[in-house]
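Make the full structure from the sequences, and use the hints.
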Amino acid sequence: MGCGYTIMTTRILKKLGGVACLAMAFAAYIPSAHAQNNYTNAGTSVSNTFTLTYSVGGTTQPQIDNTGDPTSFTVDRLVDLTVSYQSNSDDDSVAPGAQDEEVVFLLRNDGNDNFAYSLTTVNEASGDDFDTSNLEIRYYIDDGDGSYEPGADDGSAQSYAAATDDLAPDAILWVEIIGDIPASQGDTETSDISLVADTLFPTAWLEEGSTGANAGTEVTADDGTNTVEGSAENVLNDGSGTSNEAANAGDYSDTATFTVSSPDLAADKTVQVIATNADGLFDCENDALVSANEYSIPGSCLEYTITVTNSGSADATISLLSDTLPDDLTFQGATFTGFTGGTPAQPVVGTDCDAGACVVSQTGGSVTAGNVATIEIRVEVN
Amino acid sequence: MRCVVLSLMLSLAGVEMASAQEFKAEQIAEVVTLKVAENGETEEVLTPAEMVKPGEIVRYTIAWENTLESEIEDMVLEIPLPPQMTYRPGSGASDGVEMLFSANGGESYSALSGLLVLEEDQSRLAEPQDITHLKWVFSEPLAPGAQGELSYDAVLK
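As given, the protein sequences belong to chains A and B, one line each in that order. Each residue of the first sequence is one higher than the one before, starting from 820 at the first, in my numbering. Each residue of the second sequence is one higher than the one before, starting from 338 at the first, in my numbering.
Rather than coming from a laboratory, the hints here were simulated on the basis of the structure. All figures in this text were calculated on a predicted structure; none of them were measured in a lab. Positions of the beta carbon are idealized from the N, C-alpha and C atoms, including for glycine. Not one of these hints is a red herring.
Stretch-level coverage of chain B by chain A, calculated; a stretch enters the list once three of its residues show a Cβ under 8 Å from a Cβ in chain A:
{"id": "1", "region": "363-370"}
{"id": "2", "region": "387-397"}
{"id": "3", "region": "412-422"}
Stretches of chain A that chain B covers, calculated by requiring three or more beta carbons in the stretch to come under 8 Å of a beta carbon on chain B:
{"id": "4", "region": "866-878"}
{"id": "5", "region": "891-899"}
A short, non-exhaustive set of chain A residues, derived as facing chain B with CB atoms under 8 Å:
{"id": "6", "residue": "Asn857"}
{"id": "7", "residue": "Tyr858"}
{"id": "8", "residue": "Thr863"}
{"id": "9", "residue": "Ile883"}
{"id": "10", "residue": "Asn885"}
{"id": "11", "residue": "Asn931"}
{"id": "12", "residue": "Val1054"}
Okay, here's the thing in structure tokens:
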């Protein structure tokens, strides 16, 4: 009695001999980040035996069993797969003219044998605003944790040509479609791209060995006429993800979307005392900062700096940027830097800024992508 | 219908017989498919199990015949479930026969309602996937010439 415990409905379970027993004969379930299908491998022969014991006239007879020729069947080969766009895995918000932008898909083998896959991209013709150009495919082999970790735990990018590597049941590939965004696209415009995966013969089955010359060819359904006794028949169990493919055809698909985003403009304004100018001899229009310890008294020279930053990847066109200086200041000059085109405007040097008389502005022009433009305004404290 | 049959020739030492006779038993496997009939009711369709898909239900039927001239007593049928199959609850019941279950590889058996499994030092009620063996204990003797059969279902993982 290896386990050493008694199972009765009314007794407490006892553990004897210090050995704990678990239910045996079933494969241990290895926890994983996603639900496993745990299907029996295709081509497995499942055998069932029985034992019959009995007695005649009080004498136990030899047992009857079928262990010499058990009741057996072969497990079919189920073809099933998932293709799923991972909208959270990458930034699918793109700028006009951007190149090598990516969308990421999960491709998982949901069947019960090894399979390889063909991958096809589709630039959807309707329902979106533009087509992404120069589409390419690459993929990463998931390391088993179900997390997209390109270049890290999932290794370097695999280039794709005609067929992926063999994928075991429940294993995942992260497929990236890369493309270029046309420069003429505007804010919020979208491009839909679909990935279609079709099931191919792998180089080797889990139970039935090498596929020989069939490797890389499409898996089709067997109609019950295969003549090799005991060899698994192919059953196509897939659904349909998009209208690019049908159910029960060995393929699946999903659609990703690029969305064009506008430039990102931010402006702020700071002020600094350039010179205390106690002796009144400082040239506020032209002289440089005296020290970091200047302080403001009547006659001091101050500098306002307006900074406009375009952190987007598209140029930001300025319609009007204007600043009205406060009272009790006298205008001493303004310097515009970093604007492309447009028309700067400023008051005459010496203008008293009371009642909003000092307006400094930039009309039109742009701040180019990734650039910073500034307006530095010198004033003297009245 | 392809049936797998084995009958073992009985050693009849201890039983006086005029000629060699056999107690035969055989087991077949069929796939159970549930179909909705025209009248809207669900019916079971049985086909021989040669190719089976994961998730399908297989019905095993064991049939026996007492071709001896004596009663057969203390008959006990024991089935180790294949590791790829899960017992389908509710199946296997037979009048006048006690059905018992094991979750520890056949070391011990109990009724299903009392079957416990030890897991990480805690015991819990067994679930279908814990069951490893099935056993039927026949309380009534089997008269000469009597035939019988019982069926139970299991699901392919």
